[in-house]
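Chains A and B supply the protein sequences, listed in that same order. For reference, each letter of the first sequence is one residue, going -18 to 85 in this note's numbering. For reference, each letter of the second sequence is one residue, going 12 to 430 in this note's numbering.
Any given hint could turn out to be false.
[Said to hold, decoys possible] The list that follows gives simulated cross-link-like pairs (lysine-lysine, DSSO-like), each with its CA atoms no further than 30 Å apart:
1) A:K40 <-> B:K422
2) A:K26 <-> B:K165
3) B:K165 <-> B:K130
4) B:K358 <-> A:K66
In case anyone wonders, no lab produced these hints; they're calculated from the structure.
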Amino acid sequence: MRHRLLLPALASALLLASSLAGGPVRAADAGPPGASSCTGCHAAKRIPDSVIPRIAGRKASDIVQFMREYRSGAWPSSVMGRIAKGFDDQQIDAIAAWFAAQPE
Amino acid sequence: MATRRTFLKLTAAASLAAPSIASAQASGRVVVVGGGFGGATAARTLKVLEPKLTVTLVEPNPVFTACPFSNNVLAALREISQQQFGYDGVQKTGVVLAQTAATAVDASGKTVTLTDGSKLPYDRLVLSPGIDINWGALPGYDEAAAEKMPHAWKAGAQTVLLRQQLQAMDDGGLVVISSPANPFRCPPGPYERASLIAYWLKIWKPKSKLLILDSKDAFSKQRLFQNAWAQLYPGLIEWVSLSQGGKVTAVDPATLTVVTDFARHKAAVANIIPPQKAGTIAQKAGVADRTGWCPVEPVAFESTLQPGIHVVGDSAIMGGMPKSAFAANAQAKVCAGAIVELLAGRKPVDPILINTCYSLVAPDYGISVAGVYRPDKGVLADIPGAGGTSPLEVVGGFRGQEALFASSWFKTITTEVFG
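Next up, chain A with everything else stripped away, as it sits in the complex (with noise of 0.2 Å):
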């Protein structure tokens, strides 16, 4: 199986992405719904010899097209495509946006 989510993300969208998250000043955020549960497989942190795909720090462009290609099936996968069925295309884009937020 194959990983675009692999390519890595622009640190420019990285820089701009946090700006434009800040506000009120707290240590971390929670993340929109669904986000949170999203770092049970997809690792805050480096995880020697995983096979799956960290998305802290990527394009959110890149994530929202992920999630919609596994969602309508067109981009195969395992378990992707039956937990993007559980969100619509709102949903998405503040998870990616959020995961675009955090640090690479």
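Place chain B on chain A using the hints.
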């Protein structure tokens, strides 16, 4: 056990936090009981989301032994030490570890009593005690019987005992697994266990047989398991459903006999996975109902029986979500976020949660079930159209890929929770 030093440390931590409850920012004291996937996640997530909180994790064991992948230990594919995780990583996030047991909860006075009699005050309490064995629910099965017929449903010494029994068994012996009625911890677990024991028997004790006596007529990922058994272990595993007389009604540990309404099976090794209930502290806190499990509302997982007490993980009734490590971790993160909101006087938003459970049928053969959940009519309900199991028909390396995802998931989640 609590030393005087830990007690003083706890008291100091609690008194520092006491005056700040009324502030607009979330602050206050949260006590978390139980240092498994649910509790350890809740504790460190609370601290990460709101460093001003005083978060105390009450857990008597210095080391946590994880159940996921413990079936691999039975099949000599892993060692028990690879299942074990300490709490240094949790403490580094600023969580105060109280290495002692919670013996009582005063829900109206908002205190948790510890083994040494000291009381820990809280503004919000999270209980994540996991399961306890419902001793007495299966005639003949008590704590002494579990030393002869291990449950191995709490990973650790029981897992090692069952592995030793399998290794000491003569080739040609009968291994019996008794699987309980719903609900119970890890719904696919008994069948993954049967699979990996069969994998090991086929190599080392090929004349042996494995019999699953079930108190159910259907089980998680059933067709995937049964297809794989026919392919990988033909004639080795026999599954007896409830309607075929599979319900175990009694056991005799002296003779390793497993009794159903229709037969008495003399086992060489008997693995009795018994009926379960929420961990004892949940009963003591008054958050468990007559079923033995804990009803909660579906947004912050606050008990519907005792306000101010949240319950996550295997001990809670979570609607459509199964009792899994993934689910406990997901629930704990949502619960922690909601508690931060509640302590700041804000209303938590409706969450969405995911569960994914991998099972290994062989070391390189993985299958999965997933679900997506949201609050609906007061319970966590499956989002229609989402979730489901791996396909029955696959091409190429699909099963091998899922086996790799399984081990990657375990590394990831244990790093997130304990790393």
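Now the hints, each set against the structure:
no.	hint	result
1	A:K40 <-> B:K422	holds, 25 Å
2	A:K26 <-> B:K165	holds, 28 Å
3	B:K165 <-> B:K130	holds, 28 Å
4	B:K358 <-> A:K66	holds, 27 Å
Checked against the numbered hints given earlier, the structure satisfies every one of them.
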